[in-house]
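**Student:** So the chains spell out like this:
There are 6 protein chains.
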Amino acid sequence: MDETVNLFLLIKSAEEKTTRNGKPYLAFTFQDTSGEMSANFWDASEEDVERYRPGTVVKLTGKREEYKGSPQLRINQIRPAQDGEPSNPELYVERAPIKKEKMIEQFNKAIFDITNANMNRIVRFIMNKYQKDFFQSPAAKTNHHAFLGGLAFHTISMLDIARSISDQYPFLDKSLLFSGLILHDVGKVIELSGPTATEYTLEGKLIGHIVIIHEEISKACQQLKIEEANEDVVLLKHMVLSHHGELEYGSPVRPQVPEAEALHYIDQIDARMNMLQAAMRKTEKGSFSERLWAMENRSFYKPNFTEK
Amino acid sequence: MDETVNLFLLIKSAEEKTTRNGKPYLAFTFQDTSGEMSANFWDASEEDVERYRPGTVVKLTGKREEYKGSPQLRINQIRPAQDGEPSNPELYVERAPIKKEKMIEQFNKAIFDITNANMNRIVRFIMNKYQKDFFQSPAAKTNHHAFLGGLAFHTISMLDIARSISDQYPFLDKSLLFSGLILHDVGKVIELSGPTATEYTLEGKLIGHIVIIHEEISKACQQLKIEEANEDVVLLKHMVLSHHGELEYGSPVRPQVPEAEALHYIDQIDARMNMLQAAMRKTEKGSFSERLWAMENRSFYKPNFTEK
Amino acid sequence: MDETVNLFLLIKSAEEKTTRNGKPYLAFTFQDTSGEMSANFWDASEEDVERYRPGTVVKLTGKREEYKGSPQLRINQIRPAQDGEPSNPELYVERAPIKKEKMIEQFNKAIFDITNANMNRIVRFIMNKYQKDFFQSPAAKTNHHAFLGGLAFHTISMLDIARSISDQYPFLDKSLLFSGLILHDVGKVIELSGPTATEYTLEGKLIGHIVIIHEEISKACQQLKIEEANEDVVLLKHMVLSHHGELEYGSPVRPQVPEAEALHYIDQIDARMNMLQAAMRKTEKGSFSERLWAMENRSFYKPNFTEK
Amino acid sequence: MDETVNLFLLIKSAEEKTTRNGKPYLAFTFQDTSGEMSANFWDASEEDVERYRPGTVVKLTGKREEYKGSPQLRINQIRPAQDGEPSNPELYVERAPIKKEKMIEQFNKAIFDITNANMNRIVRFIMNKYQKDFFQSPAAKTNHHAFLGGLAFHTISMLDIARSISDQYPFLDKSLLFSGLILHDVGKVIELSGPTATEYTLEGKLIGHIVIIHEEISKACQQLKIEEANEDVVLLKHMVLSHHGELEYGSPVRPQVPEAEALHYIDQIDARMNMLQAAMRKTEKGSFSERLWAMENRSFYKPNFTEK
Amino acid sequence: MDETVNLFLLIKSAEEKTTRNGKPYLAFTFQDTSGEMSANFWDASEEDVERYRPGTVVKLTGKREEYKGSPQLRINQIRPAQDGEPSNPELYVERAPIKKEKMIEQFNKAIFDITNANMNRIVRFIMNKYQKDFFQSPAAKTNHHAFLGGLAFHTISMLDIARSISDQYPFLDKSLLFSGLILHDVGKVIELSGPTATEYTLEGKLIGHIVIIHEEISKACQQLKIEEANEDVVLLKHMVLSHHGELEYGSPVRPQVPEAEALHYIDQIDARMNMLQAAMRKTEKGSFSERLWAMENRSFYKPNFTEK
Amino acid sequence: MDETVNLFLLIKSAEEKTTRNGKPYLAFTFQDTSGEMSANFWDASEEDVERYRPGTVVKLTGKREEYKGSPQLRINQIRPAQDGEPSNPELYVERAPIKKEKMIEQFNKAIFDITNANMNRIVRFIMNKYQKDFFQSPAAKTNHHAFLGGLAFHTISMLDIARSISDQYPFLDKSLLFSGLILHDVGKVIELSGPTATEYTLEGKLIGHIVIIHEEISKACQQLKIEEANEDVVLLKHMVLSHHGELEYGSPVRPQVPEAEALHYIDQIDARMNMLQAAMRKTEKGSFSERLWAMENRSFYKPNFTEK
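Protein chains in written order, with the numbering used here: chain F, 20 to 327; chain C, 20 to 327; chain X, 20 to 327; chain G, 20 to 327; chain R, 20 to 327; chain H, 20 to 327.
Just so you know, these hints were derived from the structure itself, not from any lab. Any given hint might turn out to be false.
The list cannot tell twin chains apart, which means a pair is met if one copy fits it or any two copies do.
Claimed, not checked - Calculated cross-link-like contacts (lysine-lysine; reagent style BS3-like; alpha-carbon spacing at most 27 Å):
hint : residue 1 : residue 2
1    : LYS244    : LYS128
2    : LYS244    : LYS151
3    : LYS36     : LYS119
4    : LYS224    : LYS238
5    : LYS301    : LYS118
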């Protein structure tokens with residue numbers, strides 16, 4: 020089952036540890052687009068600790084083994100990737116399955132449907148301001164859409180479902196639904212530290228992406244000279260504030276317009292389908308997935324009968 | 020504000036009561052497609068009690084008034100509707116906004132997409148068996164889709180959303196999702212007493228529509244000589260059993276395949292949008308709806324800014 | 020027990036209703052500094068409805084009676100108060116037990132102790148901007164400190180407890196604790212409609228006072244050219260955002276610095292003591308108060324043994 | 020404390036693992052009627068893995084040791100049991116303290132008291148169909164009555180308590196109470212994989228024993244030509260469906276007849292007493308048991324003062 | 020449906036009220052062993068209020084009517100019962116179905132089985148001290164066994180179930196189980212005001228029957244010179260403290276010996292069966308009972324099929 | 020990072036363990052006033068086990084190392100402390116930051132303010148009886164004020180806050196508040212085993228400090244011939260019984276007088292500030308503390324900006 024490997028990998032984390040008898044070593048987690056793997060680097064010197072920091076790409080020769088049921092690497096040789104080798108960290112992180120250009124096109128189409136003038140201007144202002152980070156950021160640290168461009172991809176995917184629902188239920192206001200939807204998670208570009216070694220920032224922890232994007236709407240209004248007491252602005256703010264659906268999930272208010280209720284459920288269904296898709300990919304037919312913490316700790320069955 | 024009326028109405032309920040000083044009267048709730056209204060029939064004789072039972076259509080002359088903030092009728096004259104008059108109770112109940120034929124067409128299209136042979140046969144068997152009641156039944160006693168044909172209409176509407184989601188997430192098995200979706204609420208034709216004076220039946224209360232439809236799948240298998248231990252049958256049963264999502268909402272098991280999770284959320288979103296649509300219709304612009312019990316007792320705001 | 024009265028009163032609310040036999044009347048709630056009382060005005064004409072709106076001061080002759088265990092007035096004569104009579108509505112609302120000037124003095128003393136420059140400037144900016152409303156506003160619609168100036172009084176009272184606790188626990192940062200404390204409820208001047216006929220505004224319902232004050236801090240920074248990414252600004256925002264203590268009480272984040280935890284508990288203890296003080300005032304010795312909804316629906320005992 | 024042993028044992032589980040430095044070994048759990056014990060088999064070959072599967076009886080020579088507070092075996096020699104040796108796996112599993120014949124007698128006595136004809140026939144039909152498995156099956160995978168014949172023993176023990184309660188409360192219908200009680204857990208013969216290496220089956224996980232037995236009642240009716248809409252059949256189904264007492268414990272309906280409420284509590288009390296009996300057996304006088312997960316994670320004290 | 024009556028009744032409560040147009044009246048609740056009924060006494064004078072206090076037996080002539088679905092009496096004549104008439108209030112309250120002498124006999128039998136000397140002495144001491152009240156007191160103000168002697172009857176009935184369970188599970192210590200059981204609710208003689216107009220006393224509200232009986236055990240030890248630190252005394256105290264099973268039901272500790280767990284469940288089952296018996300008595304065959312607040316607000320079905 | 024040490028330390032716990040290959044060793048936790056550290060003593064003989072029991076002071080030479088992120092000691096030499104060396108265990112436990120004499124002074128001042136005669140006598144009686152233990156005991160096993168004298172120090176600190184609040188809210192009865200406050204945790208001297216190797220006693224587990232102190236008040240009354248049915252005694256008992264605020268936190272009754280509500284919140288705020296103070300002391304500026312289990316598992320941020 021063990022096999023020799025010769026790979027370029029990105030260091031995701033590198034913890035300094037000590038063995039029972041006092042020798043220092045580095046506990047690595049490596050990453051490439053196919054997933055993660057751990058390895059211990061025995062007898063690490065001070066220079067090694069310095070050299071192999073998270074975010075570094077390395078060339079590694081070793082053996083694939085199993086330890087306590089999980090795969091791990093035994094390191095034979097390791098060195099930092101050199102010029103001329105694939106040393107750009109972004110090559111090693113999972114990314115959205117559609118191109119950025121394609122996504123931008125779809126956003127433009129949706130923004131075109133926002134006929135309310137204030138909402139249209141606010142959405143375009145904020146998307147402009149954060150465009151670069153928005154198309155890089157994952158949608159979460161670990162759970163759903165946790166990959167490069169995941170935030171934008173999650174939003175695009177939600178737009179599709181929103182179109183289907185608002186066709187079915189024409190009493191929903193498309194301007195309000197689409198602008199709330201596009202903005203709802205943009206605060207994550209400030210809440211999270213970015214796509215490679217994703218952590219929560221101080222603002223992320225102490226303020227949270229929900230209030231952060233609310234503040235951005237307020238700032239956009241001031242820049243654009245839009246009166247914030249206007250009902251449409253208040254409602255747009257309400258959309259982003261209430262999108263977690265329940266106070267105990269961090270929304271300071273619960274949805275109080277139908278579009279906000281719709282947004283919450285579209286967010287849920289898309290996040291859940293994405294998590295399940297990822298989990299099923301790693302599960303054998305005829306067996307159950309690992310327990311998924313963000314899905315109320317359930318584990319899901321992958322049938323034999325189906326083609327997929 | 021008061022006005023004289025001259026109407027045909029359906030008696031929805033008729034309670035015998037006594038005034039403080041001992042005189043009997045009948046407390047009516049009338050119904051037509053535009054809603055409900057109450058009225059008291061003073062000094063009701065034994066014959067009146069007999070004559071004006073729920074389900075009877077009456078001709079009524081009176082005045083529209085308000086009592087404790089709710090509209091009510093003051094009865095001047097009342098008599099049962101006669102032959103030649105619109106005396107069919109079904110004329111007075113709200114009904115699905117699309118025709119039965121149109122709905123059948125859409126079901127057939129969906130059933131066509133169920134390529135798994137066992138599921139396809141089971142779905143067609145059950146739909147055949149309950150076809151008549153299925154297209155009459157409301158989807159609930161009071162909350163969502165509580166009208167003639169509401170059950171079928173709710174199911175059709177969910178199919179639309181399911182198509183959009185399964186396009187987005189092709190790892191979902193369409194056969195399983197569509198057959199589970201079509202069957203999920205069919206048990207309500209046994210749980211509820213029908214479209215006119217909808218009540219829970221004894222089986223509805225003591226067994227519940229979730230287990231009722233499960234039993235119907237089992238019976239279909241026996242009739243069709245399908246082996247119930249087959250994985251696809253077990254999964255189809257699981258779909259209907261788990262569609263309330265959480266044990267505390269009456270599902271004996273939680274969703275454990277992705278299609279079951281999807282079904283639960285599609286059901287939620289469609290039921291909620293339908294309830295909100297109905298509530299918004301009754302709400303003035305710029306004000307809040309009444310509290311909606313089935314929406315966690317929230318009340319929802321109808322904006323001024325929008326056209327709708 | 021009944022007695023004839025001859026009073027000036029403020030109309031707190033005036034609902035149009037209809038008797039069972041269709042006659043319109045006005046159901047009043049009157050208010051003066053000693054409390055509230057209800058009365059029905061029979062056979063109210065259209066002009067009466069117009070004349071006796073909430074916020075009007077009236078002269079009333081009638082009789083004090085009891086109806087279903089609550090006191091009510093029987094109206095003999097009623098007319099709007101005239102010039103030269105005590106017709107200013109503010110004379111009829113309960114007010115804070117200390118003078119505004121005295122309160123301002125105490126705020127200044129506290130602000131003096133905020134040695135952190137950014138916090139000091141932000142607090143002074145916001146207090147200046149909302150000074151007038153802040154000293155008028157109640158602290159809540161119904162529960163605690165629901166009187167003219169209640170918001171300022173509640174804040175002053177909390178400052179006193181905060182001083183005692185920060186003397187006891189010198190590791191707490193006084194600048195952070197005091198500035199968070201002073202600002203924590205200022206959003207209520209926007210959330211609530213003011214001291215006389217207190218209702219929630221649309222922003223109050225859809226955004227809430229917690230996020231409103233957060234936005235004000237952000238705006239103050241922009242005006243004062245204070246960098247919002249500074250740790251002290253982030254912490255001050257965190258103080259106001261987390262002051263409800265738990266997500267389910269409407270804080271989008273839970274307290275994550277000791278000063279925020281302290282603020283939450285000081286707020287609780289002061290609000291609860293104020294509610295109990297008011298309830299005890301209305302309770303006979305040796306008996307239990309009415310149930311207090313905001314105190315988990317408990318009712319409290321007033322002992323015989325004590326002097327008070 | 021360590022001692023040399025020479026034993027026949029049943030392999031309950033055998034996990035393939037790898038040491039830190041890459042060597043394969045087998046982690047065994049052995050079982051006999053006195054309990055369980057673990058042991059590691061170092062340097063296991065492919066043939067060993069094949070030879071020592073769960074369910075095999077082995078002869079083992081080794082030493083009893085302690086590791087991290089739990090007893091474990093150090094293996095000196097191991098080989099599969101041979102013909103003529105005690106190689107029947109059932110000899111090594113705990114079993115009900117009374118004989119099967121004695122239990123059958125008591126069931127017959129109870130069935131005799133079921134005077135309602137439909138219930139009597141349904142109970143006899145199902146007990147006949149599953150008789151063999153019913154007297155083998157444990158009542159649960161780990162918690163209560165987790166031994167060979169545990170399901171039947173649990174049911175017998177509940178019948179005794181039920182007799183005492185129905186003597187005390189003659190308004191309870193004995194036919195309904197006894198037939199619901201006898202059937203309530205029969206679904207476990209399908210939910211669980213049997214007495215030796217008890218696991219949940221796919222049907223057990225996706226459908227659950229509560230709905231499984233409901234389906235069996237329905238099938239019995241079809242075979243016996245009993246009309247399922249009869250009130251007594253509906254009530255019998257209700258008994259098994261509601262026996263977990265609360266929706267969140269997996270019953271799709273809550274008890275709605277007194278006999279169902281009684282059944283739920285009798286089930287609880289018997290399961291709990293059985294778990295406590297087993298836990299107390301393993302606890303020293305004057306000390307607390309380990310934490311019992313199924314008893315809300317409490318730990319229980321075994322007194323010194325008593326004889327037992 | 021109305022009928023003339025001529026009855027002796029006990030006044031359970033008598034509230035002074037005022038009609039809308041200011042006239043005083045008395046709202047009575049009457050009681051006899053068959054249940055309760057309400058009536059209004061119009062134009063009550065000050066003397067009437069004085070004369071017809073709760074606890075008085077009256078002779079009443081009037082008519083049985085129905086008001087808002089509940090039966091009530093229309094009073095024609097009323098006067099206090101006179102000497103020579105059945106004027107003893109205790110004649111009008113429901114009472115335990117077995118005689119006090121018979122109950123005492125059963126208690127003695129149980130106490131005889133308490134072989135632990137300390138427990139035996141403590142139980143006898145307390146039962147002696149409160150004997151008179153214990154055989155009078157109801158077991159609760161409204162819910163279960165709310166009748167004269169209900170407390171003793173509830174305890175007797177529990178003893179029967181306890182015998183059955185301890186026969187089944189001989190590891191349970193009979194001394195501990197029986198003494199805890201007999202004492203568990205004795206505190207109610209102090210918590211409640213007695214059998215006729217049952218209310219909570221101040222000690223009942225502020226301390227509660229659980230802690231009250233704990234204190235009585237402590238006092239008994241002091242009188243009997245029993246060392247309170249003895250393990251058997253600590254355990255007996257633990258039995259009464261933990262008998263509500265969960266902290267949120269008012270037990271300061273959860274059961275931590277098997278006998279305490281048993282006691283809690285026996286208490287539950289007996290209280291629930293008693294409430295259901297009373298509710299079923301008032302329910303028609305083929306219909307549902309009123310909602311039972313203490314049974315999680317469920318309503319229970321009374322079948323047609325059974326004889327009872 | 021490792022360093023050689025030469026220290027006197029107190030053995031807090033000493034567990035006998037076995038290595039994988041069967042060799043016995045002792046796993047120590049050592050303690051001095053600066054905190055705790057663990058170490059393994061390899062190849063411990065039977066005599067060593069006997070010699071190095073918890074509570075012993077030892078002299079140790081070794082090296083400070085890190086293992087799995089936590090500091091631990093490598094033992095070179097170890098021997099029990101000898102006469103003439105600092106061998107008194109109390110020297111090694113953390114203690115209250117103010118002297119016992121100073122604390123007594125403050126208690127006397129508070130008791131002086133208890134003007135109610137019964138309360139004053141009861142408080143003095145109990146404080147006298149337990150004075151020695153009270154000034155030794157920690158306030159909890161692990162969470163807040165878990166040090167020598169912590170119980171007294173916690174009480175003193177609460178008195179200070181109580182003074183501030185009762186100045187603010189003069190309707191509170193100082194006698195009731197102060198006597199309840201002083202006694203509220205005295206039961207911990209029986210619940211916990213004392214300041215050096217703090218464990219729960221059997222009474223602590225089965226009865227709990229809340230009911231223990233209630234019993235002490237009852238005993239004090241008997242000794243002092245104070246009538247227990249007096250309202251002031253009932254209220255004092257209520258204060259201690261209700262001080263955990265909610266049933267689910269172990270109070271058998273919820274606060275029902277304002278003084279009891281105040282006590283609960285003062286207890287909370289002081290315990291929380293103390294835990295935070297201790298946690299902040301161990302946290303670096305600009306980083307988050309470890310998760311604090313008793314603070315709802317939150318972790319707290321220590322800012323950079325502040326001096327402290």
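**Student:** If a hint holds in the structure, say so; if it does not, say that too.
**Tutor:** Here is how each hint holds up against the structure:
no. : hint            : in the structure
1   : LYS244 x LYS128 : within (25 Å within a copy, 37 Å between copies)
2   : LYS244 x LYS151 : both (25 Å within a copy, 26 Å between copies)
3   : LYS36 x LYS119  : neither (40 Å within a copy, 44 Å between copies)
4   : LYS224 x LYS238 : both (21 Å within a copy, 21 Å between copies)
5   : LYS301 x LYS118 : within (24 Å within a copy, 45 Å between copies)
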